[in-house]
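Trainee: If you're matching positions, the sequence shown starts at 433 in this note's numbering and goes up one per residue.
Treat the hints with care, as some may be off.
Unchecked claim - So the derived label-pair ranges between C-beta atoms look like this:
id: 1; residue 1: E536; residue 2: A480; range: 38 to 46 Å
id: 2; residue 1: Q489; residue 2: Q548; range: 46 to 54 Å
id: 3; residue 1: T786; residue 2: N666; range: 24 to 32 Å
id: 4; residue 1: T650; residue 2: A607; range: 22 to 30 Å
What the hints assert, rightly or not - DSSO-like, lysine-lysine: derived pairs with alpha carbons at most 27 Å apart:
id: 5; residue 1: K466; residue 2: K795
id: 6; residue 1: K466; residue 2: K817
id: 7; residue 1: K792; residue 2: K807
id: 8; residue 1: K817; residue 2: K540
id: 9; residue 1: K807; residue 2: K817
id: 10; residue 1: K469; residue 2: K795
id: 11; residue 1: K540; residue 2: K458
For the record, the hints were derived by calculation from the structure and aren't laboratory data.
For glycine and all other residues, C-beta sits at the position ideal for the given N, C-alpha and C.
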Amino acid sequence: MNNLLTTSWLTMESARHLLNEMCITKGFDQSYQKDFKLEFAVGQQIQARYPQRFIAQRSLAWNPQNLDNRTFPVNCDQVASVQCSFDSIEAALKLPHGDDYASEHIIKPAMNELAQVIESSAAEFAYLQTPNCIGAVGTTPTTMAPYGSARAIMVEGAAPQDEEWRMVVTPTMGATIQQAVSTIFNPAPVISEAFEKGRLGRGSGFKWYESMSLYRHTIGTGVTSPTCSVASANGDTTMVLGGTTGQTILAGDIFTIASCNAVNPQTRRSTGRLKMFKVLVGGTFASSLLTVTLTKPIYGPGDQYQTVDALPAAGAVLTLWPGTTSPSGLSGPLGLAFQKQAFTMVGASLPVPTAVEFGKKSKIPGTNLEVRATKTWDNDTGSFKFRFDTAWGFGAMYPESCAVLIGSAN
Numbered sequence: 433m434n435n436l437l438t439t440s441w442l443t444m445e446s447a448r449h450l451l452n453e454m455c456i457t458k459g460f461d462q463s464y465q466k467d468f469k470l471e472f473a474v475g476q477q478i479q480a481r482y483p484q485r486f487i488a489q490r491s492l493a494w495n496p497q498n499l500d501n502r503t504f505p506v507n508c509d510q511v512a513s514v515q516c517s518f519d520s521i522e523a524a525l526k527l528p529h530g531d532d533y534a535s536e537h538i539i540k541p542a543m544n545e546l547a548q549v550i551e552s553s554a555a556e557f558a559y560l561q562t563p564n565c566i567g568a569v570g571t572t573p574t575t576m577a578p579y580g581s582a583r584a585i586m587v588e589g590a591a592p593q594d595e596e597w598r599m600v601v602t603p604t605m606g607a608t609i610q611q612a613v614s615t616i617f618n619p620a621p622v623i624s625e626a627f628e629k630g631r632l633g634r635g636s637g638f639k640w641y642e643s644m645s646l647y648r649h650t651i652g653t654g655v656t657s658p659t660c661s662v663a664s665a666n667g668d669t670t671m672v673l674g675g676t677t678g679q680t681i682l683a684g685d686i687f688t689i690a691s692c693n694a695v696n697p698q699t700r701r702s703t704g705r706l707k708m709f710k711v712l713v714g715g716t717f718a719s720s721l722l723t724v725t726l727t728k729p730i731y732g733p734g735d736q737y738q739t740v741d742a743l744p745a746a747g748a749v750l751t752l753w754p755g756t757t758s759p760s761g762l763s764g765p766l767g768l769a770f771q772k773q774a775f776t777m778v779g780a781s782l783p784v785p786t787a788v789e790f791g792k793k794s795k796i797p798g799t800n801l802e803v804r805a806t807k808t809w810d811n812d813t814g815s816f817k818f819r820f821d822t823a824w825g826f827g828a829m830y831p832e833s834c835a836v837l838i839g840s841a842n
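Using the sequences provided together with the hints, build the complete structure.
Mentor: Listed below in structure tokens is the structure:
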């Protein structure tokens, strides 16, 4: 019987190859994984609770507040699989025997593919859920100013200031800012080692990484001075906009609204910066109107979970992609600054069948993801069949406070 792979070695190699590829995914929170490993099935989605928030009153008079535990969805709804097979003649006469061949030509390519699918899905989720953006789409930053502004937005949003702040940029962004970064990172040996490995090191409070998994966004076309057609109510997740028929606002677009500022979630005072809103579902203006769906609800003054200093008023003017001049139709990749409480990641523990030559699953170090690896013999076709399977998903915790996109050209 062909014995290209041994069980324990296979799962060890699978885990090692997958881990090496995931600089974005590894920055996500993983605390909700336990809910998908209960003894009973919880389904593909759970509702995770936000911590209860109160508004302190400045008197001792009895005035109790309602307990209002709000939630956000966490989904485990994505799967990926890599499969291959070869018959017994190929195994005996054509395929080199031994672990080295299996590592280079079966395990490593399979794990690299799974790694890229997972990492790309994490990057896409972050891009579609992050409402804040600094810099200009279509223009690569040449100074540290946009990156410093990204940090300022996260501090204003009360992002926990710990070791988990990450700045992920494209290779062009990294190369362009390299000179500026080299004057900030110390000591020098760390700089050279970081650049050699494609990891830029640490600077301005972030761990810096280069990644080709970041997503490119194309802005909606023809939109000039749209307005809020209807005043927003507290808790709204949709907004009716007024504009010119035929103009488009797309999923992933960002806009601000006049006289609607972001607030610090603890002080509930204005940050002095217009609140940025992210479009989850966009479309084309028809009869001069368009209803868009936002990624997060709007909470105004008096709400325990307040996000703006004033609710959007009817007639208020929108600015699409603030910081980008003439944004209509522009396209460019978006760098990502984030702290781990922006997004959470979960993985399913797939059952391992017993009617196989071997079956094992391995937890990926540093993540909650598992890969199930199986090898079976098909008696009808006389072939060995290998498969590597995984399942995962995400939830948006605090992207409005803990994540910022950075516009670029390449």
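Trainee: Could you run down the list of hints and mark each one as holding or not?
Mentor: Here is what the structure says about each hint:
no. : hint                    : verdict
1   : E536 x A480: 38 to 46 Å : holds (41 Å)
2   : Q489 x Q548: 46 to 54 Å : holds (52 Å)
3   : T786 x N666: 24 to 32 Å : violated (54 Å)
4   : T650 x A607: 22 to 30 Å : holds (23 Å)
5   : K466 x K795             : holds (14 Å)
6   : K466 x K817             : violated (32 Å)
7   : K792 x K807             : holds (9 Å)
8   : K817 x K540             : holds (17 Å)
9   : K807 x K817             : holds (6 Å)
10  : K469 x K795             : holds (13 Å)
11  : K540 x K458             : holds (19 Å)
In terms of the numbered hints stated before, the structure departs from hints 3 and 6, listed from lowest to highest.
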